[in-house]
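K.L.:
If you want the building blocks of each chain, they are given just below.
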Amino acid sequence: MLRELHAYMRLTREWDLRYEKMFKTGALSKWYSSVGNEATTVACGSAIEKGDALVSLHRDVGAILRHYVNIEELFPDIFPEKMSLVRQPLGGDSRDRLFRLACQMLGREHGFSRGHERSYHYNHMEPDHGLIHLGMISHLGSMIPVAAGAALSFQQQGLDRVSINFIGEGATSTGDFHEGLNIAAVWKLPFILVIENNHWAFSTPTSQQYACDNLASRALGYGIPGVEVDGNDPLAVLEVMQTAVKRARAGEGPTLVEAHLGRHRGHSEGDDSLNQVPSDELKGYLDNDPMDLIEARLLSSGVVSRAWLQEIKERSANLIMEVVDEAMAMPEPTPNTDRNTYAD
Amino acid sequence: MLRELHAYMRLTREWDLRYEKMFKTGALSKWYSSVGNEATTVACGSAIEKGDALVSLHRDVGAILRHYVNIEELFPDIFPEKMSLVRQPLGGDSRDRLFRLACQMLGREHGFSRGHERSYHYNHMEPDHGLIHLGMISHLGSMIPVAAGAALSFQQQGLDRVSINFIGEGATSTGDFHEGLNIAAVWKLPFILVIENNHWAFSTPTSQQYACDNLASRALGYGIPGVEVDGNDPLAVLEVMQTAVKRARAGEGPTLVEAHLGRHRGHSEGDDSLNQVPSDELKGYLDNDPMDLIEARLLSSGVVSRAWLQEIKERSANLIMEVVDEAMAMPEPTPNTDRNTYAD
Amino acid sequence: MPTESKILEENLLYIDALSLALRDEMREDPTVMLMGQDIAGHGGAFKITRDFLEEFGDRRVRNTPIAESGTVGIATGAAILGQRPVIEMQFADFITCGFNQLVNVAAKMYWRTECSVPLVIRMPGGGGMGAGAFHSQNIESWFLHSPGLKVVAPAFSDDAYRLLRSAIKDPNPVIYFEHKFLYRRERSDLQEMQIPDRIEGEANVRREGHHLTSISWGWMTHRALEAAEVMEKEGIEIEVIDLPVLSPLDLSGIFKSIEKTEHAAIIHEATRTAGFGAELAARISDEAIWNLDGPIRRMTYPDSPSPFHKGLEAARIPSVDVICDGWREVLA
Amino acid sequence: MPTESKILEENLLYIDALSLALRDEMREDPTVMLMGQDIAGHGGAFKITRDFLEEFGDRRVRNTPIAESGTVGIATGAAILGQRPVIEMQFADFITCGFNQLVNVAAKMYWRTECSVPLVIRMPGGGGMGAGAFHSQNIESWFLHSPGLKVVAPAFSDDAYRLLRSAIKDPNPVIYFEHKFLYRRERSDLQEMQIPDRIEGEANVRREGHHLTSISWGWMTHRALEAAEVMEKEGIEIEVIDLPVLSPLDLSGIFKSIEKTEHAAIIHEATRTAGFGAELAARISDEAIWNLDGPIRRMTYPDSPSPFHKGLEAARIPSVDVICDGWREVLA
Ligand SMILES: Cc1ncc(C[n+]2csc(CCOP(=O)(O)OP(=O)(O)O)c2C)c(N)n1
Ligand SMILES: Cc1ncc(C[n+]2csc(CCOP(=O)(O)OP(=O)(O)O)c2C)c(N)n1
Ligand SMILES: [Mg+2]
Ligand SMILES: [Mg+2]
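Protein chains in written order, with this note's numbering: chain A, 1 to 344; chain H, 345 to 688; chain U, 689 to 1020; chain G, 1021 to 1352.
It is worth saying that the hints were derived from the structure and are not from the lab. Only a predicted model underlies this, so the values are computations on that prediction, with no experimental measurement involved. Errors might be hidden in some of the hints.
DSSO-like cross-link-like pairs, simulated, lysine-lysine; straight-line CA separation at most 27 Å [stated by the list, open to error]:
{"no.": "1", "chain 1": "G", "residue 1": "K1253", "chain 2": "A", "residue 2": "K24"}
{"no.": "2", "chain 1": "H", "residue 1": "K374", "chain 2": "U", "residue 2": "K857"}
{"no.": "3", "chain 1": "A", "residue 1": "K24", "chain 2": "A", "residue 2": "K246"}
{"no.": "4", "chain 1": "U", "residue 1": "K948", "chain 2": "U", "residue 2": "K694"}
{"no.": "5", "chain 1": "A", "residue 1": "K21", "chain 2": "G", "residue 2": "K1330"}
{"no.": "6", "chain 1": "H", "residue 1": "K368", "chain 2": "U", "residue 2": "K694"}
{"no.": "7", "chain 1": "U", "residue 1": "K948", "chain 2": "H", "residue 2": "K368"}
{"no.": "8", "chain 1": "G", "residue 1": "K1067", "chain 2": "A", "residue 2": "K30"}
{"no.": "9", "chain 1": "A", "residue 1": "K246", "chain 2": "A", "residue 2": "K283"}
{"no.": "10", "chain 1": "H", "residue 1": "K532", "chain 2": "H", "residue 2": "K365"}
{"no.": "11", "chain 1": "U", "residue 1": "K735", "chain 2": "U", "residue 2": "K921"}
{"no.": "12", "chain 1": "A", "residue 1": "K24", "chain 2": "G", "residue 2": "K1189"}
{"no.": "13", "chain 1": "H", "residue 1": "K590", "chain 2": "H", "residue 2": "K368"}
{"no.": "14", "chain 1": "U", "residue 1": "K857", "chain 2": "H", "residue 2": "K365"}
{"no.": "15", "chain 1": "G", "residue 1": "K1067", "chain 2": "A", "residue 2": "K21"}
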């Protein structure tokens, strides 16, 4: 299980590193890095299944990759024997999804939004494979009610599916956090909200964002379970999520999860917002890089070798380089491929 | 002290009864009754002083009357000796304020809004007497940040003044409840929010409004004190409020108070929303009428006689009848008295 | 060649047309669901959903907490995944609390993602009853300036019925303005009709005339018709065009009318500046200016909030007198 | 008779004009305070308040939680009681989350209560940078249709400086649109000037011409000036009028210009339907129609969200070519 989680975390990390590099060379105008969020996001992606709704924000590519992609299919030689999977993959073409995701990042016509929308601001649905993924709008907090609405549609249809959504600790201050969570609680919607608390919102520390001891305590005010968890520990997050998912599928309503993470990067690449983070605090985060932690754990448990870790890292990086290069070669949208404002 | 609280509660009750009657005869097109809220509102009005900001909603005339009016001045023969006052009156002309309040209710030119706005939707300021009163807009929840803003202005000026605001339990579901309270907590504003929980919002019971055990528990999520109190007991409310006020004046930040009250009337007079309240629940509320409770208490403690209670009731009713009649005789606004949209 | 069509309801009250349309759609399509404050047991502030709870159950008729933003957002999510939610705002004015969800999430969703959002927001709006600054507003212009939303504002019971059903069937978010003043005042016969599954632009000539083209919607169309009677006595024939659908906008009928009348005026209850009358005047002054023989005048509410006092309010809403004077000036 | 006036800053960048105006007001008036996300230590997303925390302290320069509605509401309350808050929206687009506080609480407060609300909301808006649907919008029209708000949208550094200071002094809530595209592109000299303590309507002729009156604001005024150069080569003289203040609106200069040119066109970056261009066209087609010898054309963004892809976006924003073509058609 740890090996599986690790593989997706590695893929996620390499994904970000690639785009960070492209940002530095000017090939990309903006990048919000998810480095440091992988343990939480991959674990969350591991807790859902076909037919569940994933509603993601700007640092959740780990959940997206975990949900979209079958790692055994991507690297059949590295994972030759069947692992004891935490969850079943969705089916469908993993590599093609990865390619289209790269096109999406690069504003290409083959991206999920066909160049209309930036980065993770897209929806992707594959009804045949039970893939339901709603991306973000920029306005923070807005997706919480929308994700709860996805859960409402499951409830209306009598399905035992769940909807999960993420939120930064900064965006817990929005009215929609409150309105969405409260309605979800009253209606017992199968909804899980995961706070990725990296203790900074752009340049604003938690002390200027909220005055409570922890955000999980807000759950009490909604009459739902609230759980704090070490967001650098994917097994801990997975366990919390599995409990929450079970509860939701059983019709018992939402759960609020607060995962504590580290801030590893600036708010977006190239800004100087990391200057606001005191250096010893930053050091604490970097010393607890979830990628390092899980690799140390894998090594110490003797499941894998250092060489294996190196190989999957290189293979991940190469695969991503490949799809990004392919995406770069794809056509950009033109006014001809433009889209109507209204559905008809 | 009890006698003082009682007198204001009585004045408040008679105020409402008068308008309820006028509604029935068609002299008034709409009335939101505050019958049943008097113990809480009068106690809250008793906890503030000159220079503090009162921000009221639709069932808070008890706080308004307590703040505007000096009962000793209104009935000098009933209160001949100085009572040991809970608070100092503001000064200024009590009876004139009562008269203008009646004009406001009746949409007359002498009302605080000069006929532009309905009932309690007005502001009234008397800088000379330290009277700062902001009335409501209809949109529920909206006044919470505004009232917190009044508290911010005190903080900016280095004044030890406080701002108090009310909210129905229904309106705790609004985003502004969350945003306003959270900012107030982070900035340690001298702000007190009193939830008047009458267990119904129009026709909606609390079970369809929130899923938590009590709303005071939401305070934990803001890192501020949250207190539940029997809203039919003015002494209990007063004590809670005095603690909160002290805390606020000392710069320690906001308090959330949840006062449990009964629903005695329909949402507004003449609608049938009271039909939604189960009859035994309604009976429970009526049996615990705060007016009856405080009078029983006064009688049993032997401070006052039944005749005295009767007298103050009649005098209150008469005084209100007087000011309402005077107000009725006042001119209605005309397009000539109309007001500009912009300050110049 | 008028075909004979059956009358389904005679003299149907506007408010009853709304109930009927909702009920018919809910019976026809199990994915239609209602959300709003106090709409379940109580049947809504205006009793439009009275008895719906009993017929359709508490899953399809949901009281919401007092949370307009949350409600619009939840409805949007549910709509993307196959439900057809109809939200009742208790008063149109309260949508400001859900403004972001509406204009940024719901309105832009299809363009951004090709996921359609079949959502209807019912907006009891308009003044005339001394209900003050927060229960009287006419705010259609904000939504007409928000690409992705369709906007309707029927003046007649039959249009109200048809357009509400079409709005529910339409795959786009539709802002449905229903005028409170008309609820219990407007009646018309409901004829058997086809219910289109899309809201399309319409401009209906409600009275023919050859001197001036008058354009209005909602309550103001009734005022226009009254005023046209007055003018008739002066020998002036006003062509009264009602716009039950404001977006999408179909101006072809209006342009044709102006070819005939050479004069145009617009009446609306909304405040003046940047109201939708401006858009109509702009379209006409661009595309039909050579047919005009007079200024394009707007008779509107002034740029102020709505007073509680009925006299002050009445002085603001375009009256029959104000309308007639406006027309006379255009024709002068 | 031009008086000699001292140049305070040469070639002042638009973005620096904003910082300077804020700093000068804060130094002059201790009740001026700033609120916004990340404006304190970080100096704001655009660094406009860099070093303000150090100079003015954390009481007057406040980072807010991510809560636009709460922020506008708190600022409104503080403004009523004597503070002069200036809010920075991180992007203009986010005001939708505080829409209700703005249009219902702040805007209507003076009319309802005679309490004035001296509040400024700084709105970094506009497109041109491929920033997508939620960081590019031009939403002035919503606020122009909200009585009680004043609205400015300066195109030049000197106007930006003066109007920001006047906005802070004005007793009404002022929505201050600053264009992100101009931040580091527009420069002009700042001359010694009087700072009025009210925002008044202004329409400034930025280029004289006698063939056509062009009206625009913000970035589009620069496009208009560029396009006028092109037309000059064709022998056509465009009078370019810039509207740094949209509300209150002063059209007298525009009417005078139209008397001379007999042709008018409006350019805006906002989406078309019910954009503010419509109001201008409506006013002209009512009050100046007899002076017109051509249609009133609007060159605008189409009715769609803003694409992330720069090519798709550029195809929407009125270009010099589109503007020239529009003018040519009006003059044809
Ligand atoms: C409603 C709204 N206000 C402001 C912003 C600007 N903004 C974008 S990201 C951000 C900080 C978010 O912090 P947090 O929620 O903690 O997420 P993180 O980036 O730390 O993962 C801000 C203020 C926004 N996107 N939406
Ligand atoms: C934002 C908003 N939504 C809806 C309403 C309509 N409304 C007016 S009062 C009310 C119920 C309020 O209930 P509660 O807050 O419990 O106060 P109570 O009347 O019980 O004292 C509702 C839904 C409103 N005024 N504002
Ligand atoms: Mg964060
Ligand atoms: Mg209540």
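K.L.:
Quick one, are K24(A) and K246(A) close enough, alpha carbons at most 27 Å?
P.N.:
Not OK: K24(A) and K246(A) at ~43 Å, beyond 27 Å, violated.
K.L.:
Next pair to validate is K735(U) with K921(U); report whether the Cα-Cα distance is within 27 Å.
P.N.:
Judged against 27 Å, a Cα distance of about 41 Å means the pair is violated.
K.L.:
For the pair we were handed, K590(H) and K368(H), check the Cα-Cα distance against 27 Å.
P.N.:
Roughly 43 Å between the alpha carbons, so the hint for K590(H) and K368(H) is violated.
K.L.:
Tell me if the straight-line CA distance from K368(H) to K694(U) falls inside 27 Å.
P.N.:
violated, 44 Å
K.L.:
Is K1253(G) within 27 Å of K24(A), Cα to Cα?
P.N.:
With Cα atoms ~43 Å apart, K1253(G) and K24(A) exceed 27 Å; violated.
K.L.:
Assess, step by step, whether the Cα of K21(A) is no farther than 27 Å from the Cα of K1330(G), and give holds or violated.
P.N.:
Within the cut-off at roughly 21 Å; holds.
K.L.:
Assess, step by step, whether the Cα of K1067(G) is no farther than 27 Å from the Cα of K21(A), and give holds or violated.
P.N.:
It holds: about 25 Å lies between the C-alpha atoms, which stays within 27 Å.
K.L.:
Does K857(U) sit within 27 Å of K374(H), going by the straight-line distance between their CA atoms?
P.N.:
Violated, at about 37 Å.
K.L.:
What's the verdict on K1067(G) and K30(A), does the C-alpha distance respect the 27 Å limit or exceed it?
P.N.:
Cα-Cα ~17 Å, so holds.
K.L.:
If you draw a straight line from the CA of K948(U) to the CA of K694(U), is it 27 Å or shorter?
P.N.:
violated, 34 Å
K.L.:
Do the alpha carbons of K532(H) and K365(H) lie within 27 Å of each other, as the hint requires?
P.N.:
The given pair, whose Cα atoms are some 44 Å apart, is violated under the 27 Å limit.
K.L.:
For a C-alpha distance cap of 27 Å, please report whether K246(A) and K283(A) respect it.
P.N.:
violated, 37 Å
Checked against the numbered hints given earlier, the structure breaks hints 1, 2, 3, 4, 6, 7, 9, 10, 11, 12, 13 and 14 and satisfies all the rest.
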